[in-house]
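Each chain is listed here by its residues.
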Amino acid sequence: MEILVNDERRDVRSGVLADVLAELGFGSARIATAVDGAFVPASARENFRLEPGCRLEIVAPMQGG
Amino acid sequence: MRAYGHDFASPLLLGTALYDSPAVLADSVRAGQPGAVTVSLRRESAGQLAGQAFWTLVRDLGVPVLPNTAGCHGVREAVTTAQMAREVFGTNWIKLEVIGSGDLLQPDLFGLVEAARLLTEDGFQVFPYTTEDLVAAERLLRAGCEVLMPWGAPIGSGRGLNNLFGLRALRAHFPEIPMVIDAGIGRPSHVAAAFEMGFDAVLLNTAVAKAGDPVAMARAFRLACEVGRLGFEAGPMPERDMAVPSTPTLGRAMLDA
Numbered sequence: 001m002e003i004l005v006n007d008e009r010r011d012v013r014s015g016v017l018a019d020v021l022a023e024l025g026f027g028s029a030r031i032a033t034a035v036d037g038a039f040v041p042a043s044a045r046e047n048f049r050l051e052p053g054c055r056l057e058i059v060a061p062m063q064g065g
Numbered sequence: 001m002r003a004y005g006h007d008f009a010s011p012l013l014l015g016t017a018l019y020d021s022p023a024v025l026a027d028s029v030r031a032g033q034p035g036a037v038t039v040s041l042r043r044e045s046a047g048q049l050a051g052q053a054f055w056t057l058v059r060d061l062g063v064p065v066l067p068n069t070a071g072c073h074g075v076r077e078a079v080t081t082a083q084m085a086r087e088v089f090g091t092n093w094i095k096l097e098v099i100g101s102g103d104l105l106q107p108d109l110f111g112l113v114e115a116a117r118l119l120t121e122d123g124f125q126v127f128p129y130t131t132e133d134l135v136a137a138e139r140l141l142r143a144g145c146e147v148l149m150p151w152g153a154p155i156g157s158g159r160g161l162n163n164l165f166g167l168r169a170l171r172a173h174f175p176e177i178p179m180v181i182d183a184g185i186g187r188p189s190h191v192a193a194a195f196e197m198g199f200d201a202v203l204l205n206t207a208v209a210k211a212g213d214p215v216a217m218a219r220a221f222r223l224a225c226e227v228g229r230l231g232f233e234a235g236p237m238p239e240r241d242m243a244v245p246s247t248p249t250l251g252r253a254m255l256d257a
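Same order as they appear, the protein sequences are chains A and B. Numbering-wise (the UniProt record's numbering), the first sequence opens with residue 1 and increments by one. Numbering-wise (the UniProt record's numbering), the second sequence opens with residue 1 and increments by one.
Rather than coming from a laboratory, the hints here were simulated on the basis of the structure. Among the hints, a few may not be true.
Claimed, not checked - Ranges between beta-carbon positions, derived for each pair:
| id | chain 1 | residue 1 | chain 2 | residue 2 | range |
| --- | --- | --- | --- | --- | --- |
| 1 | A | G37 | B | D241 | 23 to 33 Å |
| 2 | A | C54 | B | T91 | 27 to 37 Å |
| 3 | B | A216 | A | E23 | 39 to 49 Å |
| 4 | A | L4 | B | G5 | 40 to 50 Å |
| 5 | B | E239 | A | R55 | 55 to 65 Å |
| 6 | B | L164 | A | N47 | 54 to 64 Å |
| 7 | B | L164 | A | E23 | 52 to 62 Å |
| 8 | A | G37 | B | P238 | 46 to 56 Å |
| 9 | A | C54 | B | E138 | 57 to 67 Å |
Here a beta-carbon is modelled for each residue, glycine too, at the ideal position from N, C-alpha and C.
All chains should be built: construct the whole structure from the sequences, respecting the hints.
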């Protein structure tokens, strides 16, 4: 199904957030996720189902002031 | 400075952005010996994983991290960013920014108070980026904040302490609340002035990262913190409107003018 990952269209095979992250190559990376604007904690990724067309945000540490 | 039960090893809080290279950032942190460094969150791409390399660098510095919600203009956006930051950085601390004006990066004080309340209820320890506004300060404290971070001047402007009267009034109004001058600091003398006024800490980034020699400037800011705090603790003399001779006049020889 097609979803938006950080605003880019991506075709993913899985429908579960944890599997989609692995599929996208994030493996054990230190990241946080939000789906359709709402935070999804790491502990919920295994059971979180993504809908076609949903907006997945994946963020990681960055320089800040 | 002590805030939320944590004793900061130094009252200098340093940003990690805008350095020419990761090496200059690391050397500046070593020279400045800050009590915390601020960090942020941005979209990660699986191809580059840039955030992972940055995280390794910051972790190896061995300094506590204070994540921010920089760039957030709405309450929900700021709260969601804080939740993601807590997970990524493993800390309840959050430098809460809710920006209202694009030109001056001035805090939206109404959104800030609301976001601070929501985050405090969710177990966060909020470091709010605010102005010198007394009413907003009162509301932030009521919302559960145990520290205030009034701006000196707009972020990145380097203009120092823009409203001395307002900052003095804020300091005097809440003498027991730890306060950090956040944003607008350009020079070590601004930092010394902030401490002489009784502020507890300073947070700066551009002034070091964009200095001609960031590592030397980081050291200068560390020393300025010490100078200013020592000056405050030593009790500065009151200002006078007229000159008063310091050399004794008694016994002065009578000579022709």
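Checked hints:
1. A/G37 - B/D241: 23 to 33 Å: Because 58 Å falls outside the window, the suggested range is violated.
2. A/C54 - B/T91: 27 to 37 Å: Holds, at about 29 Å.
3. B/A216 - A/E23: 39 to 49 Å: holds (48 Å)
4. A/L4 - B/G5: 40 to 50 Å: holds (41 Å)
5. B/E239 - A/R55: 55 to 65 Å: At 58 Å between Cβs, range holds.
6. B/L164 - A/N47: 54 to 64 Å: holds (55 Å)
7. B/L164 - A/E23: 52 to 62 Å: Hint holds: Cβ distance 56 Å, inside 52 to 62 Å.
8. A/G37 - B/P238: 46 to 56 Å: holds (55 Å)
9. A/C54 - B/E138: 57 to 67 Å: Given a distance of about 41 Å, which is not inside 57 to 67 Å, the answer is violated.
In this structure, the earlier hints numbered 1 and 9 are contradicted, and the remaining ones agree with it.
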